[in-house]
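Trainee: Single-letter residue listing:
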Amino acid sequence: QQQVKQSPQSLIVQKGGIPIINCAYENTAFDYFPWYQQFPGKGPALLIAIRPDVSEKKEGRFTISFNKSAKQFSLHIMDSQPGDSATYFCAASSINAGNNRKLIWGLGTSLAVNP
Amino acid sequence: DAGVTQSPTHLIKTRGQQVTLRCSPKSGHDTVSWYQQALGQGPQFIFQYYEEEERQRGNFPDRFSGHQFPNYSSELNVNALLLGDSALYLCASCLGSGANVLTFGAGSRLTVL
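Residue numbers (my numbering), protein chains in the order written: chain W, 1 to 115; chain E, 1001 to 1113.
Chain W on its own, in the form it takes in the complex (with noise of 0.2 Å):
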């Protein structure tokens, strides 16, 4: 059972593009919706992230949307760049009891801006 859905899959876009990547999420007790950048051969690295009590968050070209009541969260990329293709994931955490946390992720979508 995928507790973090993501879509699309893949998404091509021109230089200068507005990409959107969609994820949903089941589990109400996540309390942290981080996003994730991978390169080929490297490991993922924040992007950014987001709490539910935020509705949007803007850092750089980067946007997080967040709608609590619908459980959804999505990712802008303002003035796409062929340097921004890569692989992102967003993830979703909570803490239990122990106040341990682990990050379920999203299957990924592959982003490719066109010069």
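For the record, the hints were derived by calculation from the structure and aren't laboratory data.
Only a predicted model underlies this, so the values are computations on that prediction, with no experimental measurement involved.
Warning: the hint list may mix true and false statements.
[To be verified] Using 30 Å as the maximum straight-line C-alpha spacing, the simulated DSBU-like pairs for lysine-lysine come out as follows:
(1) LYS1013(E) <-> LYS57(W)
(2) LYS1026(E) <-> LYS15(W)
(3) LYS42(W) <-> LYS1026(E)
(4) LYS5(W) <-> LYS57(W)
(5) LYS1013(E) <-> LYS58(W)
[As the list claims (entries may be wrong)] Partial list, derived from the structure: chain E residues whose beta carbon lies under 10 Å from chain W:
(6) GLY1003
(7) SER1007
(8) LEU1011
(9) TYR1050
(10) PHE1060
(11) PHE1064
(12) GLY1098
(13) GLY1107
(14) ARG1109
(15) LEU1113
[As the list claims (entries may be wrong)] Chain E side only, calculated, beta carbon under 7 Å to chain W, not exhaustive:
(16) ALA1038
(17) ARG1055
(18) SER1065
(19) PHE1069
(20) ALA1087
(21) LEU1090
(22) SER1097
(23) ASN1100
(24) PHE1104
(25) GLY1105
(26) ALA1106
From the three backbone atoms N, C-alpha and C, an ideal C-beta is built for every residue, glycine too.
Go by the hints and put chain E onto chain W.
Mentor: Using the frame of chain W, we list chain E on its own:
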């Protein structure tokens, strides 16, 4: 400031063999988590170590075991390797087992033949 370092970067094993992967956390971090990333998939949580103890575990069989040393470095051991264990194994570190921000290493690519 060194980030998370993992070794080896690539290795090839045959079915039934055992493998040990190593991870040194980012300086100042005391918690290590391991993830398995199959080709074209998102990472799957294996387990987390804090204060030299396994704090939580994902849905992985007992063939997967680990250890954390007093210097916070960690090992992941996989016994009786199966073809399906072929994957990128990622180590992530953070400060405190409840921390949100994880720093990932580049991973160890395991191929089982």
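Trainee: Against this structure, judge whether each hint is valid.
Mentor: Tested hints:
1. Distance check on the hinted pair: LYS1013(E) and LYS57(W) sit about 44 Å apart at the alpha-carbon level, beyond 30 Å; violated.
2. Taken as a hint, the LYS1026(E) and LYS15(W) pair is broken in the structure, with Cα atoms around 35 Å apart against an allowance of 30 Å.
3. Our distance criterion of 30 Å between C-alpha atoms is met by LYS42(W) and LYS1026(E), whose separation comes to about 16 Å.
4. About 21 Å separates the Cα atoms of LYS5(W) and LYS57(W), which keeps this hinted pair within 30 Å; it holds.
5. Our distance criterion of 30 Å between C-alpha atoms is broken by LYS1013(E) and LYS58(W), whose separation comes to about 44 Å.
6. A cut of 10 Å between beta carbons decides the hint on GLY1003(E): the least distance to chain W is about 9 Å, and the hint holds.
7. The criterion of a C-beta within 10 Å of any C-beta in chain W is not met by SER1007(E), whose closest approach is roughly 13 Å, and the hint is violated.
8. Here the hint on LEU1011(E) is broken, as its CB sits about 15 Å from the closest CB of chain W, past 10 Å.
9. Interface hint status for TYR1050(E): upheld, as the beta-carbon distance to the closest one in chain W is roughly 7 Å, under 10 Å.
10. The interface hint given for PHE1060(E) is broken, as the beta carbon of that residue sits about 12 Å from the closest beta carbon of chain W, more than 10 Å.
11. For PHE1064(E), the suggested interface contact is broken, since its CB lies about 15 Å from the closest CB of chain W, more than 10 Å.
12. Evaluation of the GLY1098(E) hint against chain W yields a held restraint, the C-beta minimum of about 4 Å falling below 10 Å.
13. Against a cut-off of 10 Å between C-beta atoms, the interface hint on GLY1107(E) holds, since the closest Cβ of chain W lies about 5 Å away.
14. Hint status for ARG1109(E): holds, given a least beta-carbon distance of 9 Å to chain W, under 10 Å.
15. At a threshold of 10 Å, the smallest CB-CB gap from LEU1113(E) to chain W is about 21 Å, leaving the interface hint violated.
16. Violation of the interface hint for ALA1038(E) is found here, the shortest Cβ-Cβ separation to chain W being roughly 10 Å, above the 7 Å cut-off.
17. A hinted interface residue such as ARG1055(E) counts as satisfied when its beta carbon comes closer than 7 Å to some beta carbon of chain W; here the least separation is about 5 Å, so the hint holds.
18. For SER1065(E), the shortest C-beta to C-beta distance to chain W is roughly 17 Å, which exceeds 7 Å, and the interface hint is violated.
19. For PHE1069(E), the interface hint is violated, the least distance from its beta-carbon to any beta-carbon of chain W being 19 Å, above 7 Å.
20. Interface hint at ALA1087(E): violated, since its Cβ lies 13 Å from the closest Cβ of chain W, which is beyond the 7 Å cut-off.
21. Residue-level restraint check for LEU1090(E) holds (minimum Cβ-Cβ distance to chain W is 5 Å; threshold 7 Å).
22. Because the smallest distance between the Cβ of SER1097(E) and any Cβ of chain W comes to about 5 Å, under 7 Å, the interface hint for this residue holds.
23. With its C-beta approaching chain W no nearer than about 5 Å, ASN1100(E) sits inside the 7 Å limit, and its interface hint holds.
24. Residue-level restraint check for PHE1104(E) holds (minimum Cβ-Cβ distance to chain W is 3 Å; threshold 7 Å).
25. Here the hint on GLY1105(E) is kept, as its CB sits about 5 Å from the closest CB of chain W, short of 7 Å.
26. With a least beta-carbon distance of about 5 Å to chain W, the hint placing ALA1106(E) at the interface is held under the 7 Å criterion.
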